[in-house]
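*Asks:* Kindly produce the complete structure, drawing on both the sequences and the hints.
One line per chain: the protein sequences are B, H, Y and V, in this order.
Residues 458 to 839 (our numbering) are what the first sequence spells out, left to right.
Residues 458 to 839 (our numbering) are what the second sequence spells out, left to right.
Residues 458 to 839 (our numbering) are what the third sequence spells out, left to right.
Residues 458 to 839 (our numbering) are what the fourth sequence spells out, left to right.
Mixed in with the good hints, there may be bad ones.
In this list, chains with the same sequence are indistinguishable; a pair is considered to hold if it fits within one copy or across any two.
Stated by the list, open to error - Each computed SDA-like pair below joins lysine to any residue, with the alpha-carbon atoms no more than 20 Å apart: (1) Lys687 <-> Ala634; (2) Lys721 <-> Gly609; (3) Lys678 <-> Ala626; (4) Lys460 <-> Glu516; (5) Lys755 <-> Asp738.
Simulated from the structure, these hints should not be mistaken for laboratory data.
4 protein chains.
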Amino acid sequence: MAKQLNVGMIGYGFMGRAHSNAYRMVTNFFDVPQEPVLKVICGLVEDEAKAFAKQWGYESHCTDWRQVIERDDIDVVDICVPNNVHAEIAIAAAEAGKMIICEKPLALDVAQARTMVEAVEKAGVATLVSFCYRRVPAVTLAKALIDEGRLGKIFHYRSVFLQDWTISAEVPQGGMATWRLDVKAAGSGVTGDLLAHCIDTAMWHNGPITRVNAMTETFIKERVHTETGKVEPVGIDDACTFFCRFENGSMGNFESTRYARGHKALYTFEINGEHASIRWDLHDLHRLEWFDHRDEGKLRGWRSIHVTDHGGDHPYMDHWWVPGLAIGYAEAFVHQVADFMTAVGKGEPCSPTFREALATQKVCEAVLESAKSGTWVEVPAD
Amino acid sequence: MAKQLNVGMIGYGFMGRAHSNAYRMVTNFFDVPQEPVLKVICGLVEDEAKAFAKQWGYESHCTDWRQVIERDDIDVVDICVPNNVHAEIAIAAAEAGKMIICEKPLALDVAQARTMVEAVEKAGVATLVSFCYRRVPAVTLAKALIDEGRLGKIFHYRSVFLQDWTISAEVPQGGMATWRLDVKAAGSGVTGDLLAHCIDTAMWHNGPITRVNAMTETFIKERVHTETGKVEPVGIDDACTFFCRFENGSMGNFESTRYARGHKALYTFEINGEHASIRWDLHDLHRLEWFDHRDEGKLRGWRSIHVTDHGGDHPYMDHWWVPGLAIGYAEAFVHQVADFMTAVGKGEPCSPTFREALATQKVCEAVLESAKSGTWVEVPAD
Amino acid sequence: MAKQLNVGMIGYGFMGRAHSNAYRMVTNFFDVPQEPVLKVICGLVEDEAKAFAKQWGYESHCTDWRQVIERDDIDVVDICVPNNVHAEIAIAAAEAGKMIICEKPLALDVAQARTMVEAVEKAGVATLVSFCYRRVPAVTLAKALIDEGRLGKIFHYRSVFLQDWTISAEVPQGGMATWRLDVKAAGSGVTGDLLAHCIDTAMWHNGPITRVNAMTETFIKERVHTETGKVEPVGIDDACTFFCRFENGSMGNFESTRYARGHKALYTFEINGEHASIRWDLHDLHRLEWFDHRDEGKLRGWRSIHVTDHGGDHPYMDHWWVPGLAIGYAEAFVHQVADFMTAVGKGEPCSPTFREALATQKVCEAVLESAKSGTWVEVPAD
Amino acid sequence: MAKQLNVGMIGYGFMGRAHSNAYRMVTNFFDVPQEPVLKVICGLVEDEAKAFAKQWGYESHCTDWRQVIERDDIDVVDICVPNNVHAEIAIAAAEAGKMIICEKPLALDVAQARTMVEAVEKAGVATLVSFCYRRVPAVTLAKALIDEGRLGKIFHYRSVFLQDWTISAEVPQGGMATWRLDVKAAGSGVTGDLLAHCIDTAMWHNGPITRVNAMTETFIKERVHTETGKVEPVGIDDACTFFCRFENGSMGNFESTRYARGHKALYTFEINGEHASIRWDLHDLHRLEWFDHRDEGKLRGWRSIHVTDHGGDHPYMDHWWVPGLAIGYAEAFVHQVADFMTAVGKGEPCSPTFREALATQKVCEAVLESAKSGTWVEVPAD
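*Replies:* What follows is the structure in structure tokens.
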């Protein structure tokens, strides 16, 4: 195995920064089998790509992603561009035999996602879709508690992702900063952007979702498009609520919106089992709430666990500072890269792979379909 | 106007106690036009009725509710019995010209509720349905803030009522303590018992609900019936989730269950408007959470308002202790009686009347119907 | 034993109301050996005393407290007047053989308190000083946990009582509403009014305080006196901070002020033991925070216990509503009366007696003395 | 000005990691005038120093700190070793004309600290003492609010730093992991280690502390010393409580301990002013609590500000991710390095300098002296 993992990064936006930071930090905190080397950053505007390369220490920059894939010295292609370009890049990367890390959601729709899964599986390359919240230590701890069977039979899973940044009708659609409001670039609104996170975590925690029933709304029907300068219809969902069934019989309730005043990124989940319940909230991501009915009666209460302990108690935390000192959002990406590199080193897959992300894409698509039809929609098993 | 308001109480369970306590406390704290006099308590078991009369200071007791209604000296009949007996008593009381306070939900179903509304409106008697949470000061304050237009256009209303007391399969159905699990006595499960509260408050805050889409579940299919001693099918809904549309265009999301470990009575609501948002939680009923986007940017945050101020700032609180000292659950019933007596004194209706409670009953019925049909159901306007 | 307990109440202010309410509610919720009968209310202004009698159901009223004590039919004298009148009334009541319930602090100073203790012990009458917070269920639960030895060796006890109602220089001193700012009526400021509560609870929880070191401040040096209409020097302490030693070797830290913006009645305590810690906050009085180091490592966290459970789990709560439904401030007085009557019925003392309140008075006096001398002051053992 | 800032790091423990991480991250997030270059790491054990160099990208390593100072190519010496070595290194570094970043507390005592201040001021080198919490965005925001005069006259400042890691008598003293329990290495216990942070922030927020009155305790009197293997007396303070006066007339209350079960690093402060109050808690370091009495009466409440906004609203946050996404503990060190480099670039001092840290050292020493004498001790003005 080579000593280095050569990275070709495509996209220098918010996610391009988060991924770059992770590559730079990972070897300082984790014992990974290779050292990531930032070989090339690719982005649309040359000056910006150049400046980004300088700021983050990339050896080179370019403006055409094909050049990244054509390079022999690139081991992993990291896709941090709008959703509508994921498929083309990923398929080309797979055909070139590159490992791929791709931002979520995997694709614009299920059909496209399937072509991506086929391509990477045919090529046999390692993949990872960046559902980063799985690797927030509190969320990882929740998974461990569930897997240990501590909750018993699960009755309920509920999750929301609430924001408030698009309430003003002055916010445009399209372009670098607001492509998430442009259906052509994003595929969908909160469903693909935010609920995809909730769904990925939920199925990781609680198994497959089998059927869904949804409602969506677009509160602001027209917005200026930054590319055309014209007022154009808004094609995305501003808000989406759905309930569902999991394969294990439990009931799910999900909601997402960008019209919830006071919430910048309120991603929460709660899971209620026969014996115990768990809650989490991204706004205070270093805490996990735990209620155990088996506790002595008079002392039962929700525990607020500060997930910063050492000695193996709290996932990933041995690698950071000392108990009581929190890590932030960015560290989840460090964990993601560390896990990916470790898995690659062992020749094992790293979750969530493209195939696993396809399952989330199916639920998203069923949700949007249900919102249109006004009735239950089955999530296809394959 | 007579100096006294003579009360005939029917039912000596949990609600019979809460209402009796309110009648006893109201004149100490509120300036009401009459003094309630506890004339008679009626309940099924004579010894228990007699003991209750002694404990609460009722002048007499009986075991047949018809005797209460036949008495000329009774002004108000207070119905605190299981849901399946509401209609018969209420209609008889109306025909006898009595004022009526009735526990929620109004009836077993809409058809029955309609007959009750017709009877009381024909008789022209004052009515009140005990959706008590409207008169928790924080909830009343929320209403005032909404009515003042502080939230602007409303986008979302979400509310849950979560409990965990029926998770054990050993809990029976039927009888004094567990009639809420017996569909014949209760009409429905969490929908009528818990969601009815959420729906009443929601429509009070945010206007009519026009259409609903629901999912229900009965996790434990059979339970021993205390009356027969036999294992019988469970006919109620253990859990119910629904989303809906309000007439004002906002989206609603509601959920209730008795299978959420760690929640004894977690009734919460949150309302998101263009300018501001509000949250409340029955577990800490003396607090209201408020977020105002018009606050100065760097100081924006959710405010936790301890709703105990005086000087007219916080509804009802001038009547109690001093700022900082909380009241509890029971005081909402005192407020309810005070408001009812004040309204009666002025010859005005006191919300929620039977007619207003019928609207909630319609939503509940639409919810149950939707859960069966698996699709949207319109809530009939009349 | 007589069926009735005849009450003579002296004082119709805030505390007169709280005590009256307790007598009226106690038999509805607790099985006490007698029924309290509100025989007479005594207060300075006849019209007000008369109105109070009407509102609360007192059989009679008067304006001279000596008349209450002279009556043969009074069993218990309840003293709810400013601190400077406690001693005279209590000693007279004791000499007349009355039981006495007295508001806190017991007296203006230790010398006065000693005369009161001597009088009641000589007379052999039952006494209770209304340190009401002991009987908030969460506080009582804390005591039980400590007594069970669950905390192990105690290292720290810290407690604050923060208010913000006297920050304005416009608030006067003296008179019905603001006698607490007049040193002649109150004896001291926050030390006797607020810290006395903290100290009473602390010594109940953690044993005797042996030595103290204190600092006080009077931020506003002069205020209009409502009786003279003139600006007069302020003799009370606006704020007081002290640290101390408990007999068991633990360290104490206490603070009180009426100049802490944002706190209406923030009475909190925290106790740290070898194995576990406890926290409580009057603003959310129905919750107790509990941390147990013996919990499994990865699940350790502060538990927020909603102290509303039944089945004997949570003190007093079986008598109220159902789990999850909170009681408020006023109910602590109901518990106090119930415990007092039960103890009297058994011929047992009810804590805190006058003698126990004397111990708190000694600490208060030592605190004020230390603030003057600027050094440690020993608390006299007797 | 050179393009690079050459760093010589002395110490590879917890702080050595935190500082190294900051140098590595700073240019990715902040526009600083130079690029830090990790030239050399110095530590006692060669293998460990070598491994650290590899992990963090230091160009070289050594085991004698004098070698670092002798190198011409070192611009800044960063001192991350136990307190007893600070002075010697710092003075030598100053004499060699190096800039100095030094971990807190500055020295073992005031006398030693004075020699350091003299040395660096004589040499005219830039200095910074790593009181890192000033640069947690919420803490920095608090400073800005105070400086804008929003709180009005200040009445109270209270602060605690509570931990629980030395409760077991099995924890040794001395050596790499537990030198903080060895008085020879640390100078004092919680006073220098934890209260120094509280004091630095407090004086930054609220001005000079003029006099103090303190109590300390050493709960465990003897511990095994890792160097001798023998049980030796413990010379540090395990817990320290003090109250004080600020020059502006406000009252201070401070406490620190390592015996508070349930608190890993509970560093909090609260400041109460005439108009507003502020609270903060390191366990949730991304939030600031704010209460403003000038808010409309019925809507007054403590605001929980999620200090993650952009657009200049929240200090440092424009440089990180998007609103709602928190940063952690480590980022405060990045801010510290960014501010230091920016100040150096402008030829300006960067707070807290050695001279400012000397003021904190004086308060610490007065605290320890007061704890011995049992009375007030004046903090010398110079």
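*Asks:* Each hint should be assessed against the structure and marked as holding or not.
*Replies:* Hints and how they fare:
1. When the C-alpha separation of Lys687 and Ala634 is checked against a cutoff of 20 Å, the pair qualifies only within one copy, where the shortest distance is 17 Å, while the shortest distance between copies is 64 Å.
2. When the C-alpha separation of Lys721 and Gly609 is checked against a cutoff of 20 Å, the pair qualifies only between copies, where the shortest distance is 19 Å, while the shortest distance within a copy is 33 Å.
3. When the C-alpha separation of Lys678 and Ala626 is checked against a cutoff of 20 Å, the pair qualifies only within one copy, where the shortest distance is 9 Å, while the shortest distance between copies is 50 Å.
4. Both within a single protomer and between protomers do Lys460 and Glu516 lie at most 20 Å apart by alpha-carbon distance, with minima of 17 Å and 18 Å respectively.
5. For the homomeric pair Lys755 and Asp738, the shortest alpha-carbon distance between copies (18 Å) is at most 20 Å, but the shortest distance inside one copy (27 Å) is not.
Consistency with the previously given hints is maintained throughout, with no hint failing.
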